[in-house]
Amino acid sequence: MLQSSPEPPQEEPAEPSAPTVGLSGKSWEDSTDLELVRAAAENLDAFGELIRRHQDFVYGAAMRVVRNPSIAEDLAQDTFLRAFRALDGFRGDAQVRSWLYRIATNLAKNAVTRRREFPTEEGLDQPVFGHPTARLEAHSMSVDLRAAIDRLPDKLREPLVLREYDELSYEEIAERTATPLNTIRTRILRARRALRTEMEDWR
Amino acid sequence: MNRDCAVRDEELIAFAGGEEFDLDEHIDGCDQCQDFLAELWVGGLDHDLVEPVVQMIRLELFLMEAAKLGGGIVADMMQALITYLDPGLGKDDK
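If you read the sequences in order, they're chains A and B. When you line the first sequence up against the working numbering, it's residues 1 to 203, in that order. When you line the second sequence up against the working numbering, it's residues 1 to 94, in that order.
Simulated from the structure, these hints should not be mistaken for laboratory data. Bear in mind the structure is a predicted one, so any value in this text is a computation, not a measurement. Hints may be right or wrong, so weigh each one.
What the hints assert, rightly or not - Cross-link-like lysine to aspartate or glutamate pairs, in silico, EDC-like; alpha carbons within 16 Å at most:
1) K109(A) with E73(A)
2) K109(A) with D22(B)
3) K109(A) with E20(B)
4) K109(A) with D24(B)
Model the full structure from these sequences, guided by the hints.
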């Protein structure tokens, strides 16, 4: 993994010695995907080139499933983050693009499944980029949902927000709020039920 | 376009539009179909993701390094980050 000193992250200074070429002497632009993957753990410029090269494709793959531009963009970012974390596990048996495609598609499908169980601000089943009426409806739903969340009792709202927005695990929420795990589970369940009831008109 | 797999352009266009779910598994392993989709999806993204993703990775690496120094520091930093992202979260629950 990349060695970094424990200093706050900041803009990289324009170091003349910053490596812009791969190990073989080629520029990153001329490197193959596999060369970029192999260099990426030690050099973020290489990973940046990989992102630049495949970002439209990854976004398209996510967009195909979720049909919502902002969610697809988030998923595309998440895809590259997960790919970076999994660099060590990529053996090169498959094409890099296929690997990214699989990550993006799985993330997008999971997002759709989760959002069906718990509708969030932007409805995944409604293409908000489509007809203006659909956009207005999505916005209205977003306003209603936020209001419904705000109306939840504090004890239900906090674990729900930590779970759905911050994507913490039940264990993490229990630890952070100093509340027993089963209590957290129950509160999140109750919060979801309450929201479903509140949002009944949108179904 | 002629592809070895014989999947038609129309099918791939429908797939890209969120239909033709049966093709999902095939696309996963077909370079030629992916080439077509890559062309189809060029320019779909409004923003360049390089900078935001690289920044997140830098932050993650920094936190990993900081974690070696002590969990308390990381917890404080994560709390600061959460407060920055959502200032109202949890404040009125105490």
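Hint by hint, here is what the structure shows:
1. K109(A) with E73(A): Cα-Cα ~14 Å, so holds.
2. K109(A) with D22(B): Holds, at about 14 Å.
3. K109(A) with E20(B): 15 Å, holds
4. K109(A) with D24(B): This hinted pair holds, its Cα atoms lying about 12 Å apart.
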